[in-house]
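Number of protein chains: 2
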Amino acid sequence: MHIKENRERTVPISRYADPSIPSGGLDTSIVAVVTDVQRDGAPVVGFGFSSIGRYGQAGLIRDRFSPRLLAGSRDDLSTEGGDTIDHFKAWACMMAGEKPGGHGVRCVAVGTLDMAIWDPAAKIAGLPLYRLIGEMTGRDATPGPVPVYASGGYIYPSDELAKLEEEIRQLLDHGFTHIKIKIGFSPLQEDLKRIETVLALLPNGGHLAVDAMYRYDRESGLAAAAALQPFGLRWFEDICDPLDFETLAAVANVYAPPIAAGEA
Amino acid sequence: MHIKENRERTVPISRYADPSIPSGGLDTSIVAVVTDVQRDGAPVVGFGFSSIGRYGQAGLIRDRFSPRLLAGSRDDLSTEGGDTIDHFKAWACMMAGEKPGGHGVRCVAVGTLDMAIWDPAAKIAGLPLYRLIGEMTGRDATPGPVPVYASGGYIYPSDELAKLEEEIRQLLDHGFTHIKIKIGFSPLQEDLKRIETVLALLPNGGHLAVDAMYRYDRESGLAAAAALQPFGLRWFEDICDPLDFETLAAVANVYAPPIAAGEA
Chain H
1 MHIKENRERT VPISRYADPS IPSGGLDTSI VAVVTDVQRD GAPVVGFGFS SIGRYGQAGL
61 IRDRFSPRLL AGSRDDLSTE GGDTIDHFKA WACMMAGEKP GGHGVRCVAV GTLDMAIWDP
121 AAKIAGLPLY RLIGEMTGRD ATPGPVPVYA SGGYIYPSDE LAKLEEEIRQ LLDHGFTHIK
181 IKIGFSPLQE DLKRIETVLA LLPNGGHLAV DAMYRYDRES GLAAAAALQP FGLRWFEDIC
241 DPLDFETLAA VANVYAPPIA AGEA
Chain G
1 MHIKENRERT VPISRYADPS IPSGGLDTSI VAVVTDVQRD GAPVVGFGFS SIGRYGQAGL
61 IRDRFSPRLL AGSRDDLSTE GGDTIDHFKA WACMMAGEKP GGHGVRCVAV GTLDMAIWDP
121 AAKIAGLPLY RLIGEMTGRD ATPGPVPVYA SGGYIYPSDE LAKLEEEIRQ LLDHGFTHIK
181 IKIGFSPLQE DLKRIETVLA LLPNGGHLAV DAMYRYDRES GLAAAAALQP FGLRWFEDIC
241 DPLDFETLAA VANVYAPPIA AGEA
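Which chain is which? The protein sequence lines are H and G, in order. Counting from 1, one number per residue, gives the positions in the first sequence under the numbering used here. Counting from 1, one number per residue, gives the positions in the second sequence under the numbering used here.
In isolation and in its complexed conformation, chain H is listed as follows (with noise of 0.2 Å):
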């Protein structure tokens, strides 16, 4: 197979409820990739989005990654029979000439093609992603229930606790088990109220995780680190600098996580 066009459009995203809470003017990207396969008298195409934390790259999609699938020939992108894409040819494809250290943006614009190239690997396969992953990898990809959490809990103007507690409330009558609140941009002392006020709805710390979207230097991740550790918390995300390895692995020494390999 090969790759007959990419569509890609940037589209604005909304993430907060409440409109008291300023979205940043985020997008993000969404792709469609068009095979030549046919099923049912119709090509076959994949589609993907990137990133609803941030920006789109639609720079980068268009001017780098996309051409290089397009040139792409059926050697360079398929498996050794010619009948579905090969996805560790197509990332060499799409990463040929890059340097090394183009991290963060980079790779969502790769991860979005990415994405849009496994949904038609499993539409030529007649079978759902997962069950192919499965199949690909060796490991049992036998249906089971998949934990899935909601993410919130950001800093309301006024009224912090109640309006925390009233968002929390709604996420629970959705259906939702588990939980994501934002840290870091409070005192530790406020943060922690924040998370007693949600566990309190909760049946234990298991069902909440907290993210700092980067807010701590080394010392305040560490003492976060420590105040958290006894709530038995889900996980503990982007505490600091994302390449100040140094301060994550300190903060890995006090913070234990509760997740058993395999459970996350």
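Source of the hints: derived by calculation from the structure; they are not laboratory data. It is possible that some hints are incorrect.
A pair counts as met if it fits within one copy or between any two copies, since identical chains are not told apart.
Stated by the list, open to error - Straight-line alpha carbon distances no greater than 27 Å define the calculated BS3-like cross-link-like pairs of lysine-lysine that follow:
#1 K4 to K123
#2 K99 to K182
#3 K193 to K163
Chain H is fixed; fit chain G onto it per the hints.
Positioned in the frame of chain H, the structure of chain G alone reads:
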């Protein structure tokens, strides 16, 4: 002051005089920043370009960083008196809403605009930029000799040592006194022969730098560092994955660079 218009173009670049070495489709971004300040009856315009080491960043400049500069008010961008650009404010304006972790690619886009807004600051001040920066930082800006190096020494498809020697002779004929060559694409013993070939044309190791373009892992990087150390080279650049801080620190322990503080 404020910025009235940013113009941006992507231009292809060719790095190699020898057509047997592919340039890999490299391009770069050039920008012109048009301010509302007039000098001699015309607007003051600043120019910048991005790294010539890989790709332009048209998408990021157009989608995120240029619009933020253009949206910046006089207060957002100007020094207290309002008559010229405040680069720290302009940087904050460009990075508003960005997450930590977008290294590599993003800094090229911001750096291109950053270069282009230093230029009008110097023009508005009526000073060469080195003098303006000297005044701003309280450092000595007395003109004096500046060491300049020529970068080359890529691997030729054949007849490597003879062609390398010819290339370096041409650079010296152009008046360059310092040279940088690429290493890490051949076995270490061959790179050592290449280095010896170049050093035979130079006064001493302090006139030669080497750039491994991130090719080494920990083991090969440490081996190269030990082998290079006796040559007293000017520097050893881009050794391994740029985020492999542990290997970089280990290599620095083996390869004590001969450059004294301030000499580089």
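How the hints compare with the structure:
1. K4 to K123: For K4 and K123, only the intra-copy Cα distance (16 Å) is at most 27 Å; the inter-copy one is 50 Å.
2. K99 to K182: For K99 and K182, the Cα distance is within 27 Å only across copies (15 Å; inside one copy 34 Å).
3. K193 to K163: within (13 Å within a copy, 70 Å between copies)
In the structure shown, no violation is registered for any of the earlier numbered hints.
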